[in-house]
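Chains as they are written, first to last, in our numbering: chain A, 17 to 300; chain B, 7 to 374; chain C, 3 to 433.
Take these hints with a grain of salt, some might be off.
With a cut-off of at most 30 Å between alpha-carbon atoms, the simulated DSS-like pairs for lysine-lysine come out as follows [as the list claims (entries may be wrong)]: (1) A:K211 x C:K174; (2) B:K293 x B:K352; (3) A:K97 x B:K52; (4) B:K220 x C:K211.
Calculated directly from the structure, the hints in this document are not laboratory data.
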Amino acid sequence: MAKFAPYQGTLERSWHYAYRLICAAIFLFLITPILIIIPLSFNAQPYFTFTPDMLSFNADGYSLRWYQDFFTSSTWMNSIKNSFIIAIASTILATTLGTLAALGLSRAHMPARLLIMSILISPMIVPLIISGAAMFFFYSSVNLTGTYTGVILAHTALGTPFVVITVTATLVGFDYRLVRAAQSLGATPQTTFFKVILPLIAPGVISGALFAFITSFDEVVIVLFVAGSGQRTIPLEMWSGIREQISPTILAVATMLISISIVLLVTLEMLRRRNERIRGVTPG
Amino acid sequence: MKQWLKTTTALVAGVAAMGAAATSVQAQETLTIVSWGGAYTESQVKAYHEPYMANNPDVRIINEDRSANGLAGIRAQVAAGNVTWDLVDMLEGPAITACAEGIIEPINHDELLASAPDGTPATEDFVEGSLHECFIPQIVYATLFAYNSDMFDDGAHPSTIADVFDLDGFAGRRGMQQIPAGNLEWALVADGVPYDDVYDVLDTQEGVARAFSKLDEVKDSAVWWTEGAQPPQLLADREVSMSSGYNGRLFNAQVVENQPFELIWDGQLFEIDGWVVPAGKLTDRVKDYLHFATDTQRLADQAKYISYGPARNSSAPMVSTHEETGIDMQPHMPTAPENFQTPIQKDAEWWANNGDEMSERFNAWLAR
Amino acid sequence: MAQAEATLPASGSASTGAPSTALTTADGTPLKVSIRRAMRRNKLLAFGLTLPLLLFITFSFLMPIFEMTFNSVDNRPVANTLHRSAAALQSWDGQGLPSEAVYAAMAEDLKQAAEERSIGRVATRLNYQESGMRSVMMGSARMIERHEPPWKEALIDINAAWGEGSTWRLIKRESGAITFSYYLNAVDMTYADDGSIVAQPEWRQIYVKLFWRTAWMSILITALCLVLGFPIAYLLANLPSRHANLLMILVLLPFWTSLLVRTSSWIVMLQNEGVLNDLMVWIGVISDDGRIQMVYNRIGTLVAMTQILLPFMILPLYSVMKGISPSYMRAARSLGANPLVAFWRVYVPQTLAGVGAGGILVFILAIGYYITPALVGGQSGQLISNYIAYHMQQSLNWGLAASIGTILLAGVMVLYLIYNRLVGIDKMKLG
């Protein structure tokens, strides 16, 4: 790595190493808070720090008791069910609506394109507390608060901007001649969509769907305002847990959520590479 | 892609089925009762709901833990014209507000509620001054100070509200609730105002200023709590040496979890909690439930599970032992004579009038 | 991106600028007409595809926002309940006490309100303006049945407040269908007795301070993100892609990790008995009694939010830096520029688009943050969002919550417009 141009002096060379050190420190700042939770969730004691037993790698210092707590608690199990119902339903809705809209927005003749795009992206920009308060007023007046439908609709609205953005990005440079070729060969619009367009934009659709999923799965403010006690999700349980008294069970939940994030991240990374390969763009 | 489509369809169908399963429960008559959750709802389930459902097998009671936002919820539901809650557990103050807004039902107490076993009509049996037009009292609960006895030498522990404000005499930080109610009253008591005159003094600008300047003295040593679960934790972690808290929670930590806590009953701020019926929900079923659940025996039974005092005078002698530990509950009631020497009854009317201004002033004071 | 689109011919409209001689298609329609028709069909198709989402967003998102904005000025409960008094007060000049006719109108309004049980909301609403008005209204509504005209004497007998001009001036001011009192309250102002707008007494001033604190903390967080994000983005953009992709995961993992997970990990890291304090005690930097309070205060909010928002700064910076050719720097160096000068005068200006994009994005997200300050901010780390939540859920002053929310929303919208102008919403990238 340390290849220096001839005009670079000693000062510059030592700066080079200092710079690497600074970057390492920043990466540490980014990642430590996430990684530190994982070993702590196996703490045998109800503390949030490393016990001497843990530091000496004594097996007695570690246990699965907080995971056991989690899996035997009907409250947490119920929240898992709710989180998945809401996240999956809103992901499907958001992906369908968002993909259609992105197809429209990417057409050359889309009228008022920027204005419509700004409106469609706005749920991502408006602070959640405002969306939450606004949806509380409105959804209670149509009696949707405290229902799955209400939360799912709200989360769909939050998720669509991500789908619109990722699918639009995939459609940049989309070769519409393929569509015309399919049509001139007698394909119906449906066939054209499922056999020609969808396979090509699939990476964008799937990564948009992943974004929509994680947005709903991680969301708590809207749930706080719109959901009833029948729709308590994992983040909501975590929120009330942390507010009252942070318990080690929360660290166990956190560790499992981190694993989910890693899976999603890896999936997304693989999609990105596939997308670049298809479009002939070399990565990097 | 066909595969993808199939998976999606299956998912949609699955979700739809789950949603349907979640909503299709109305086979029998249901009663949605909103309460505070946790140990409190548990005590109501044991003392009221389970016996009621045993007598009426066709009724199913659904608990919602939404009382913390009870007033907001009733307002929204009544405004939408679709009320889903049948009965709501609420504090006296919000109940007065809700009643004036016409979003809860007025109650004819003597007609609706059971008389005491000796025939005393309901209006004379409930704790004096606790009945309101739309409100049926259930329990008396207190907010009061407790201390960690491990942090004080024997014989040198705090015993009055004045001691709480005496930072030199009694070391350690103070846990205080992050709302003006309670803190203003206690500040005045600590400053020498007689217990009965607290609200007369607070009615003047000078009185409020006096309370805040007394609070100034402890501000730097205060740890502010917002959730009922925090005070026992703060005391146990020795983050504070004394803290205000709800007597039920403190009892639980002290007796059930064996924490070294002692309660300071001096200046306990007591409040009444009870039932309200959202507009249009005073059905025969709700009336029947209320008649049962607020009778003398049921209110006395609730004290087996949580240390809140029954709101009926006739229930007091029937309070027995704690279900879990078997200890006698009588001495742990806020209304027990030895605990009830110097109480302050929270003036719901005064707080309804001045609550908004005091909260603004309190928040501005905190932010300073 | 825009260029690419412009060169893409849409189906059916390959030729533009029809020649002057009227060309026709095979079935005899003029080519011009045919093209126009095809264009219109294309437009309709494009719009039709977007329409479902547009409708969905309008109903599930925009309408709620509009309704909230409306709530911030809505005063109909008072206007409707006191409609007779409001009409009668129209002709009152605000001097002395109003005439018997006004008192009679008030008596009628109170009677009806007591009957319909609608007095509560009016009482609560007027109490926001003047503590004590609640019991004046409620008490009077309760007693009015038992009284007889003349109403002036009757009302003053019920409550002395009816004998004071200020009570009537307040009602005259606050009985319109629309009120701006919530907005005044949200900027620490109020109406004086004579109707002029004055600052709240000092002990009631809080929101302006909070708006400033929110803005200031957000600027600080944005600056911290820039300082920490710039070196990382530079490193990622200049490493061979094999290494860069690996390090990128370190940036993306926090991005994909639940907000609540990251917030709870900061509590674990920073609290008194937490990892960082333990570490410092162990090293010997601080004594066991001298543990530093780093969470449940402003430091907690600052540290946690910087880490949470850092990826939003790194990603746009990275995508801009990726497009900067290294040859400019080399040229500058070979022309004899000192490395610092070359970096500052040649490289940095080329990254400004990324700095702007990342900066505005982080700032927009920061000023609306609620969860993290609520959990790690203690009292001194609370932001304006926390007070919106407080008025929504605790004090139930929804009008005030809506007006604070609308002010915040307006600020965010201005920034969104700037972002749109600067970066272009269609250039927004994720991941």
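Hint check results:
1. A:K211 x C:K174: 69 Å, violated
2. B:K293 x B:K352: 29 Å, holds
3. A:K97 x B:K52: With Cα atoms ~27 Å apart, K97 of chain A and K52 of chain B stay inside 30 Å; holds.
4. B:K220 x C:K211: 24 Å, holds
This entry does not satisfy hint 1, going by the numbered hints stated previously; all others are met.
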